[in-house]
Amino acid sequence: MTEGSHDCAEYAGLSRRGLIRGALAVGAGLSVATAYGGAFVETSYAATRSAPAVLVVLSLRGAVDGMSLVVPHADPAYYTARPRIAVPAASLLAKDSFFGLHPNLAPLLPLWNAGKVAVVHAAGLPAPNRSHFAAIEEVEDADPGSAARIGWLNRLIGRDAYAHPLQAVQLGESVPPVSLAGPQPSVAVESIADMRLSGADKWDTAGRRPRSMRTMWSGVGGPLGAGARSAMQAVADFGPVRATSATPANGAHYPDGDLGRALSAAARTIRGDVGAEVITVDHGSWDHHSGLGTLEWGEMQRMATELASALAAFFTDLGPLGEKVTLVTVSEFGRRTKENANYGLDHGFGTAMLLLGAGVRGGYHGRWPGLVDDANADLTVTTDYRSVLAEVAVRRMGASAAQVFPGFQPEAVGAIV
Amino acid sequence: MTASRKTKVPSRATLHALQRLTAGYTPALRQQVEAAGGFTRWFDRQLTGGYDDRWYAQTAAWWTSVNATPAQLWQRDRDDVEGLWRADANYQCWTLARRIGSQRQVLETMTDFWEHHLHVPANGEVGPFRTSYGKTVRAHALVKYADLLEAAITHPAMAVYLTNANSSKRAPNENLGRELLELHTVGRGQYGEADVKASAKILTGYRVGLWTDWAFSYDPAQHWTGPVTVMGFSHPNSAPDGRPVLAAYLGYLARHPATARRIATKLAIRFVSDTPPAALIGRLAAVYLSNDTAIVPVLRALVASPEFAAARNVKVRTPAEDVVATWRALGVRITRAPRNGMGEDETGANEILWQTTGLGLAPFAWQRPDGRPDSAAAWSSTSRFLASLDVHYTLAGGWWPKQGLAYPAARAWLPKKQVRFAALVDHLARTIHGQPASALLQQVAREATGCRAGEVITPKHRIVRWEMARLLTVFLDSPIHMTR
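Order-wise, the sequence lines are chains V and H. So that you can map any letter, position 133 of the first sequence is 133 in this note's numbering, and since no number is skipped, the others follow by simple counting. Start counting at 1 in the second sequence, then tack on 417, and there's your number in this note's numbering.
Bear in mind the hints are in silico, worked out from the structure with no lab data behind them. Note that the structure is predicted; figures quoted are calculated from it, not measured. Do not take every clue at face value.
Dumping the calculated DSBU-like pairs for lysine-lysine here, alpha-carbon to alpha-carbon at most 35 angstroms [to be verified]:
hint	chain 1	residue 1	chain 2	residue 2
1	H	K834	H	K819
2	H	K833	V	K202
3	H	K561	H	K614
4	H	K834	V	K202
5	H	K819	H	K425
6	H	K877	V	K202
7	H	K819	V	K202
8	H	K425	H	K833
9	H	K586	H	K614
10	H	K833	H	K877
11	H	K683	H	K425
12	H	K833	H	K423
Given only the sequences and the hints, what does the whole structure look like? Please build it.
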């Protein structure tokens, strides 16, 4: 348990720092000064606070086929509809009488066996929407009653008075997702190394660079003005994350690729304890119109391996810090029941959502609607995806479902304790 | 200083139009407009091919792959000379080089617009076809949308990208059939799922030898025959060769009022604002329809509109636009083509692509078929902002890229041997922004450099000798340069 105790010590240290920061925030009020890179940056935000719980939202872009990842092996229509690309029942992992996991999800088995992985199958939007772009807007806005483009995660971080650009961080992709759109500031960066202000270097001893940039941008309106101010604030307060080791902890080994890099950065951001409560990561494309393939070849076996390896590495890397981190996957929709001529699947409806980590009640959840082997048949949605997200938002983040998902009555899913 | 000795700038209205219609202001551009006899005449010459296109051919010669046929590109890949992904990267570099130096700025701007509207990524994903696709789009960029649409949808690059290449009558693949309706023409709300399926059926018949020989063909045996109806379009579709039906179908879509509104909206978002007025969109759509989808009349109406004139500096530059405008503003010149016509060496003509990637997105690297976003919200993230500042400062210092480029010497930025700091700042604003320095910009420049307004700047001043980048980056890092 040497590794474990090392992590516990580190965790305790981080918590202490969080406590100290909390105390600072009380004393310092609204105007706080932070030393960074020899420069002196004055801010108008509160100091960062330690995040008591962290939600990581992994968006599987392109509409993932939930029935390939989590296979309904006891539904005969699954096999008749997919004569070439169905995952054979004999190959499945964590198999119960109805479901089993794709064999390339094997890296998740230790977490699964520890009861830290839940699946909610046949989840999705309340009505089919087969346009990627319109569906992802609908999924991430999650407020059909309002024309305002405000994402559900923006409402989530707006649940209390604390506001800081680092409260929600998108990693791996610099275009912010719809889920973060809205009045609360947030940050979108490709990598941790991107979080620096050019010219604010060791030669800028008088802090001219940050001061002049603040002067230039302080009165600028619109998204670019807000983005500039958030960026300068985030740079100033991101120091603890930069100070963490870039080497993953606990021997974690991330797969090559964007997903591994983004989750590794997510682990560092959590370890840096800069108050990031929400972290979003996009991965894809899972838009497998062709070449989804079989167990021997194709995009599904390759991407399932990458997904499972990256998720397993993430929780290994976090170690005991993982006790405050819950990860949930979303996708704009699922794919058709019947395979097409190109070893692929066209746009469908319901899909599977995965939940990992803190508070998760492991196992298979959701109500199976039964499949029909018909050219146009879908996996029908039996669980509104908002019910799943609401459970996480309420039970893990202490939010009110009515605030995060206005006008929606969540049903109990049971995927979160 | 008297007014006459100040560095010349265009009128505010002309500057605004140039920022929207070109890759960025330069003093040479102002001179081109002046020589043409004013903005209106300059715009007319731009729209009618009145400026020479030598830069296009000259830069095309820098990369062997840009002039190769798809068959040659595939052969080069198989011979391990240059991979298909690198051929696409060369294409990306070429488009950036074109925008930097072309005399046909409006044509390059519109080519960029249509290549994003009819988006096909340039990342090796569509085999050897991406360069050919880009050239095809450019050939139609100022002509008629109906022709452009048909050329794009029937191009092998599109067939590969949206998986129409191996669709069949037994199982029509719906990918292209849907995006054709949703993205390229009428937009959502105009059609149902039955229309999508019929659209996919009309498109069946094209074949591509994916990763074998990349041969592009039409196989009537794979075309779904029988009556089809998509929205108001119906056809018996009885002949095995479905290409005439497809041409009629695309012609119907291109001329549909919903397509007119969609194109008008996209143009207005590109050239006016993220939330363009509905009245403008209605007028542009009417011009589009009454001119049988001709593009030039729509552009003329757009640029003449009061909505266009009123929307200054509200569009945030995309990553590619920022990098190209920065090269132009700093007068960075490409002096040497990549060695052996290859993309692997570190000349500026190649490295510009990695600069653009660093800002969040290389040209045509967007991973979804809807094309890169064109809104301030998409391009105002922390990462984008900080990366832009980094590229500005690095280029202002002439630190990277180094090879095959010429940067102006620091002292060349002085308007004369001895100048007061405030006058230098005004000169730089007029040169880089095309407009005088505001009081705020003067203040920022003083804060960034520690110079006083009246301080005399000579070639021996520390700013010129060591710290010109700290001053130049002020102009590049400003809202004026980061918007258009």
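The hints, checked one at a time:
For the hint linking K834 of chain H to K819 of chain H, the alpha-carbon distance of about 27 angstroms falls within 35 angstroms, and the restraint holds. Straight-line distance between C-alpha atoms of K833 of chain H and K202 of chain V comes to about 32 angstroms, which keeps the hinted pair within the 35 angstroms bound. Using a Cα cut-off of 35 angstroms, the hinted pair K561 of chain H and K614 of chain H holds, with the two alpha carbons roughly 27 angstroms apart. A hinted pair counts as satisfied when its Cα atoms are at most 35 angstroms apart, and K834 of chain H with K202 of chain V qualifies at roughly 31 angstroms.
Annotation: proposed proximity of K819 of chain H to K425 of chain H holds, straight-line Cα distance about 31 angstroms (limit 35 angstroms). Annotation: proposed proximity of K877 of chain H to K202 of chain V holds, straight-line Cα distance about 24 angstroms (limit 35 angstroms). Our distance criterion of 35 angstroms between C-alpha atoms is met by K819 of chain H and K202 of chain V, whose separation comes to about 23 angstroms. Pair hint K425 of chain H plus K833 of chain H holds up; C-alpha atoms about 15 angstroms apart against a cutoff of 35 angstroms.
Taken as a hint, the K586 of chain H and K614 of chain H pair is honoured in the structure, with Cα atoms around 11 angstroms apart against an allowance of 35 angstroms. Under the criterion of a C-alpha separation no larger than 35 angstroms, the hint pairing K833 of chain H with K877 of chain H is consistent with the structure, at around 13 angstroms. For a cut-off of 35 angstroms, the pair hint linking K683 of chain H to K425 of chain H stands: about 34 angstroms separates their Cα positions. Only pairs whose Cα atoms come within 35 angstroms are accepted, and K833 of chain H paired with K423 of chain H is accepted, the gap being roughly 11 angstroms.
Of the numbered hints stated above, none is contradicted by the structure.
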